[in-house]
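Asker: Spelled out, the chains give:
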Amino acid sequence: MNLPYRPLVLGISVLAFSAAVFAGGNHFYAPVTDPVVREECGSCHMAFAPSMLPASSWKRMMANLGNHFGDDASVDAQTAARISRYLVANAADAGGRQSAGKLLRGVALDNAPLRITELPKWVSEHREVSAREWRHKDVRSKANCVACHSEAARGYYDD
Amino acid sequence: MSRFDIKTLGIVALILSAPVAAGPRDALLTQYAATARAAAPAFSGFSAARGKTLHSQNFAGGKADTPACVSCHGNDPRTAGRTRSGKAVEAMAVSVTPTRYLDAAKVEKWFRRNCNEVMGRACTAQEKGDWLTYMSQL
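These protein sequence lines map, in sequence, to chains Y and U. For the first sequence, position 29 matches number 29 in our numbering, and the numbering has no gaps at all. With positions in the second sequence counted from 1, the corresponding number in our numbering is that position plus 159.
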């Protein structure tokens with residue numbers, strides 16, 4: 001077979017490079033694709049990317065949906081099991097993933113906070129946001145990523 | 160094209176352009192009516208006016224930061240609301256969001272959560288029916 005090796009190799013390198021830049025970029029967190037998870041976890045706040053917390057955090061969170069940061073977010077057992085499976089399978093440390101990302105730097109994977117906004121890296125990345133900006137009527141809370149990160153729904157959290 | 164064809168086409172177009180079928184919503188109202196009647200034999204139907212009052216009034220039994228439905232849904236059910244965490248909530252009025260209240264389990268899930276958070280108790284079937292009637296007729 002006579003394959004056009006040079007263009008092929010070139011194409012593959014370009015693809016690999018793009019993948020490294022985009023997927024490996026510091027600020028990409030793959031958005032939730034499961035429709036049930038998107039619905040149940042995305043009604044009150046955006047459905048946060050499972051890769052933002054380790055599996056231990058998601059398990060702990062799913063065990064107490066009746067008091068979810070002060071709100072009743074309980075779902076039936078079958079739905080809860082499906083959501084848990086998805087979150088754990090795609091967690092920051094799923095399958096011993098090393099690149100849990102910088103978001104988990106300095107975080108004990110077996111004892112991570114439940115709030116993404118309490119991860120040390122999250123705090124330092126947002127240190128320049130003033131209290132007045134957090135109170136802005138279109139922001140309201142630190143859970144409202146899309147207020148500032150216009151591409152958050154697609155997984156991009158660049159400035 | 161014969162007149163028959165045009166007529167058939169017209170009917171097909173009418174069916175295609177019809178709004179989302181309200182079947183499940185009506186079934187839900189029928190079910191609430193039956194429950195309300197069982198609880199109070201004097202039950203005399205649902206009232207959009209009572210639903211409107213329920214939607215806008217403040218309750219003391221629930222959480223301090225969400226004393227009313229309108230705390231998150233906003234004063235006008237025909238416009239979007241906003242959760243406390245800042246996410247937009249589609250308008251509650253069926254006339255604006257016709258896909259609402261077609262999934263009974265979803266409706267019940269939100270009544271269960273929200274009645275408890277706003278009123279500190281479950282809503283009665285009478286209250287659910289009144290409220291749903293208001294949202295459907297608005």
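Simulated from the structure, these hints should not be mistaken for lab results. None of the values given here were measured: they were computed from a predicted structure. Wrong hints could be hidden among the right ones.
Calculated pairs, DSS-like style, for lysine-lysine (alpha carbon to alpha carbon, straight line, at most 27 Å) [to be verified]: (1) U:268 / U:211; (2) Y:137 / Y:59; (3) Y:121 / Y:59; (4) U:268 / Y:59; (5) Y:59 / U:211; (6) Y:142 / U:222; (7) U:265 / U:211; (8) Y:142 / Y:121; (9) Y:142 / U:268; (10) U:268 / U:222; (11) Y:142 / Y:102; (12) U:265 / U:222; (13) Y:137 / Y:121; (14) Y:102 / Y:121; (15) Y:59 / U:265.
Some chain U residues close to chain Y (C-beta under 10 Å, calculated; not the full set) [unchecked claim]: (16) 218; (17) 222; (18) 230; (19) 235; (20) 239; (21) 243; (22) 248; (23) 268; (24) 269; (25) 272; (26) 276; (27) 280.
Selected chain Y positions facing chain U (in silico; Cβ < 7 Å) [what the hints assert, rightly or not]: (28) 33; (29) 40; (30) 44; (31) 47; (32) 68; (33) 140; (34) 144.
Glycine included, each C-beta is placed from N, C-alpha and C at the ideal position.
Asker: Each hint: holds or not?
Answerer: Each hint, compared with the structure:
no. : hint          : in the structure
1   : U:268 / U:211 : 21 Å, holds
2   : Y:137 / Y:59  : 33 Å, violated
3   : Y:121 / Y:59  : 21 Å, holds
4   : U:268 / Y:59  : 22 Å, holds
5   : Y:59 / U:211  : 40 Å, violated
6   : Y:142 / U:222 : 21 Å, holds
7   : U:265 / U:211 : 21 Å, holds
8   : Y:142 / Y:121 : 14 Å, holds
9   : Y:142 / U:268 : 26 Å, holds
10  : U:268 / U:222 : 18 Å, holds
11  : Y:142 / Y:102 : 19 Å, holds
12  : U:265 / U:222 : 22 Å, holds
13  : Y:137 / Y:121 : 25 Å, holds
14  : Y:102 / Y:121 : 7 Å, holds
15  : Y:59 / U:265  : 24 Å, holds
16  : 218           : 16 Å, violated
17  : 222           : 8 Å, holds
18  : 230           : 13 Å, violated
19  : 235           : 17 Å, violated
20  : 239           : 13 Å, violated
21  : 243           : 7 Å, holds
22  : 248           : 8 Å, holds
23  : 268           : 7 Å, holds
24  : 269           : 8 Å, holds
25  : 272           : 5 Å, holds
26  : 276           : 6 Å, holds
27  : 280           : 13 Å, violated
28  : 33            : 19 Å, violated
29  : 40            : 9 Å, violated
30  : 44            : 5 Å, holds
31  : 47            : 10 Å, violated
32  : 68            : 10 Å, violated
33  : 140           : 4 Å, holds
34  : 144           : 3 Å, holds
Of the numbered hints given earlier, the model fails hints 2, 5, 16, 18, 19, 20, 27, 28, 29, 31 and 32; all others are met.
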